[in-house]
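Protein chains in written order, with the working numbering: chain A, 1 to 434; chain F, 1001 to 1300; chain P, 2001 to 2363; chain U, 3001 to 3275.
Derived by calculation from the structure, the hints in this document are not laboratory data. One thing to keep in mind: the hints can contain errors.
Derived SDA-like pairs: lysine to any residue, alpha-carbon spacing no greater than 20 Å straight-line [said to hold, decoys possible]:
#, chain 1, residue 1, chain 2, residue 2
1, P, K2174, P, L2052
2, U, K3174, P, S2050
3, U, K3179, P, G2073
4, A, K191, F, A1150
5, A, K254, F, M1151
6, U, K3174, P, E2319
7, U, K3174, F, F1286
8, U, K3262, U, P3187
No experiment lies behind these values; they were computed from the predicted model shown.
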Amino acid sequence: MKKLKQLMALLLAIMMLAGCGGGKSNDTGDDTSKPVEITFWHVYSENFGAPVIKEMVDAFNASQDEIVVIEVYNPDMYPGLMQNLQAEVVSGNSPSIVMIGYNYLKYFAANFIYVTPDEIIEKYVPEDKDYLSTTFLDNILTLAQVDGEQVGVPFSISTPIIYYNADMFIAAGLDPENPPVTWEEVRAAAKTITEKTGEYGFYMQEYADNWAVQGLLEGNGATILSEDGKQAAFASPEAAEAYQLLADMVLEDKSALHITADEGIQAFINGKVGMLCGTSAKIGTIQSAAQFDLRGAEFPVFAGKERRVPAGGNFLPIMAASEEEQKAAWEFMKFIMQPEWLAKWSENTGYLPPRQDVAEDPDGLKAYIEENQLLGIAFSEMDGIYSWVAFPGDVGTQAEQIFANTRDKILDRSMSVEDALKEAEDALNSLLAE
Amino acid sequence: MKKKKWSQTGREHFLAWCFVAPATLAFVVFMFWPLVYTLYLSFLKWNMVAINKVMVGLKNYEAVFNDPVTKKLLGNTLLYIVILVLLIFVLPYILAFVNTFVMGKGKGIYKTLLFIPSLISLVVGAIVLQWIFNPLSGPVGAVLGRFGIAMPSWSKTKGLVVLVISLVAVLKSFGYNFLVLLSGMSGVSTELIEAARLEKTPNRKIFGKIVMPLTSSTAIYVLIMSIVQGMQYVFTPIKVLTQGGPDFASSNIIYGVYQEAFGYYNTGKASALSIITMLVFLVLLFLEFKYVEKGVYYEN
Amino acid sequence: MNSIRFEEVSKSFGKTKVINQLNMEIKKGERMILLGPSGCGKSTILRMISGLEAITVGNLYLNDQLANDIDSGDRSIAMVFQNYALFPHMTIEENVGYGLRINKMDKGEVKKKVVEVVDILGLNGLEGRYPKELSGGQRQRVALARALVKRADFFLLDEPLSNLDAQLRGQARKELVKIHEMYNQTFIYVTHDQIEAMTIGHRIALMNQGDLQMLDTPHNVYHRPANVFVATFIGSPSMNIISAKSAGRELLVGPHRIELPDMWLAQIHRSDSTNIKLGVRPEDMILSKNKENLSVPVDVKYVEDYGNRVGYYFDLGDEEAISIMSENIFGTGDQVYWNIKPDKLHFFDADTAQSLGYPKEIR
Amino acid sequence: MKIKNKQNLIWHVVFILLVLLFLYPIVFAVSTSFKSLNEAFNSTLNLIPKEFTLEAYTSILKKIPIVRITLNTFAIATIVTTFKLVTGVLAAYSFVFFDFKGKTLMYFILVSTIFIPFTVTMIPNFITVSKIGLRDNIIGVALPQLADATGIFLLRQHMRGIPRSLLEVAKLEKTPHIKILSSIVVPIIKPAILSIGIIFFINSWNEFVWPSLILKSREHYTLSLALQMFVSSEGGTDIPVAMAISVLTMLLPLTIFAFCQKHIINTFVQSGIKG
């Protein structure tokens, strides 16, 4: 009993401390000149990007005293952030600046209230009239456009690349200087690695989206949407053939891994998988953790066909409601779009910057790219990037889930590739028809 | 105003309600009102954001019943229930019997040790188990690897994914259930057991014929709580580890509601599904009151 | 002066009636015993006096004041519970002083009063202990002390000695009487033990199934029971009750004809019916080898030797009777005579079970 | 006798194995939190790190305001526990020591809330808390949890064990109910209240789903939410760090349990579901 009492007293003391701490923090920014507070929602965890985001925000906050930016982390990437955003809006609030994955572009535009960069420029900062067009590449700007309207400013761009473990290549008798170029070669190399080393040869990232698969399917001449862009149209022989190749690697050759993204990427870092097909955004994470000779190769092609690389990443729309918050958000946006910050962002993650001058700046990223083979690979793919398919309306959220389920159905053999694709296509089209 | 002298009983009644009031108020605002609101939402088509809510009658319920996913969710829910009932009810029930009536000295320590994992949060439990079962780098995989068995990637394997996620709930509830069942066992007189022993009754029969009937109200309580809480305990690991995947193989009705609501923003359908869940629970509640509360009254 | 008065008081719990139209007066300073078998309603009466139980119908007056709606806390009640109801988390001193402290009495004053009763009850040295560290007898005294310290008008005791062993009980009875004589409060004492009732009470209220059976002094309750229930409840073994028929000057008991003593004629003929019950206490039933003029021959059926006394069983008509004597002189099968002592008989109406009264020759 | 001993031994072995299985996750987390990233991956079976490192812990200190986060968690758990105990003790007292019309129905209604799945109340509660403006506020996390049906159930069970006569003694002394509650009922069932309070505290401490909906900024995070900042489905989890923060989350509940295990175990063994 005595011990208990002491313990309770201790707990109480800690609580008091907590209470005091709480009181103090709430008093920040006295009555004198209250700075504008804006919130910036992003998806980057401590192991992936968050430190740079924090650095940017801190630097911005330190650079002036009218605006205070609060960064807010949202777990589970873009779907996670969309869930939180939805909830936030329901509660009658919204963040000032938010990070939206390109695949949610149409859903976001159709369902949320936001202010376009053009509106802000027109209303408050006419001097920035040419900012967008002079700063960003045209094909990059279109990534964040719906029906010609610029919804937000592109921030991060990623491309899918092949990471490979050169040590394992050597162990398997493969030439690390000549990584596979076509999917057929990828399959053969994976098989060799599995046979020779007993480890898995290949893993394609499995997030709750269709991004990497889109690259695979479109590389074989398939399309995700019909020509008018209003219907799902991926249940084609080309798509099935391409998907079958991945399925065969998992199910027939048993050389490819079918596992969650977290575990799969971890397994690659851990030397348990020879090749990883994943987003360039992970370059920073993988490089810092991998203990082997890590190298990169371009996203594979199908023999004789053109490489199709979907643009991953995100853009930043502004959702702030009041004039001063909108202005503040714009200020912050321009701050982080400065070449040195974008360069830092790229170096730490592997995302490609939305403005060309960052990559060309000899003091900035250029030198870095020359040294960093993986980032160089990602850059080299950038010219030919296509949009990541975004489904319109309410379908946007369910589409990614359907794609993820389709992948599970195919890769655990519960459905044939053709049937699974057909079922998914029908499901999406019936949703679109509603 | 006239001064009215309250009768003693009148004053007591008033006071009685005053004492119940704070808890009642909290429940009304954060339990019953939400329940009613959810019922209301289940008749609407609304995505939580749109200003217009469209009255659609029973359409949401229709949609729930026609959705093949619902069948999957119900099937998985049943699977979770079966696994959980076995692992956090049947197993501790038998072990509580063994601990009370079969084992000799030094048996008291187990209830304390087995209780410890229930102090760990579900997220921590989920993440630690995820690593323990990591097929490529986890200890289970490593041990199996030594025997030349390839650990299947559980998070992508139907059935197995339910089992591993259930283990998180098992970690959380086993010790507590064991404790409650032990306390039920302590109500059975040892003389009865000794008398049966003198007749050379095998333990199996002592359990089935004497202990089970005498501990039935405790057992039913634990059984029902295992189902009701177990269903909710698996939510966190599902959300953190699999998000219901692969292809809904690890989702149950509780997570299904969450996904419909916060994943697809089908507030109406989510509400309809949660009302259905509620009805299932209501049956359990009825059973609880029928067997457990009544039993308690009889004892006094 | 009446200190407690029940006027047509009834009490029901839901549909069960536990007290039926009770009328009773208790005098100031009196030791009133509520006696009866379990479930007879005696504790309910006590609890109605205390205010812990509300009255369903009727009026209760305390100190001549209508008390139905007076809060128990305002009734000047001290109570000793069967299980003593000591607060397990308080020391003996705290337990005893509880009521005084809660009513904001000055600390020094509390101490003084507590010391006083602790002295009287011989609890010195135990003040700092907790109830679980005391023996049963000590706990009972603590409960008593807590009730005493209050100096309430009404001192209610609910089977206070039932949890003590027999030896302690005898001693405690004497102490209770002594304590009452010191303070002279109105004692209402619930018990199912007739020895306690007989030795402690000024008067006894004997209850059965919610009805007051008799309210009188212990002597009268024993010697002039108002009905068969009272007659058989008091005394151990119970009074022999034998069915009989009156026929003129004779009484028919089974095959025997007994001439009625003159002193009883008036009482017996008071009854409309000829069916009566004859009551004889076992110790008043004298068996002898010698026939006297008013006697009935009986066969000893069974003998029980209690050491200091002996019980002889025999049949009288269809009923079995027992006689208690001091010597073991007869054996099973002996033919003896029951020599009737007319002044030791009791007569009851067979239909109403009420006493037919007593002749003036019997005090 | 021999058979009996053998049987006993077998069962002890079964129980010991079970305990090892159940405690392994905790040991695994503690052990891994002191390993280097490389060792965590490559010698997962080693329970004692070859090179003991505090790297994981220092990196947590550097990256997140862990003290602040711990205090937040503590504050929420304390508020929730206090309110649940107060409302629970009051309600249980009323159910045990008062007689009033509708008592049984009322009890039934309150206890039935155990059977409302949290997904049913989640959306409306989220909207309510948001409308009051308590998003991203620890009060908003605590608000919907001010009463607890299981608590009322357990407290009622324990209060029923108090002899009614104790209260009657108090009533005869004109003790007001609130005083009876505070000076008699509460002290008598103190061990039970303490244990139930500890369980409330630990449950709140461990809570994840609801705080994750309400809390947004790092300064207001709880430990469970901090954990998810290091573990996310996007890949690249730093496992020693994840385990280190898991260990930090477990630390207080385990410590409290170590201090009060006898009380807690006894309370639940006594209460069970019986009176």
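Check each numbered hint against the structure and report the violated ones by number, ascending.
-> Per hint list: 1, 6, 7 violated.
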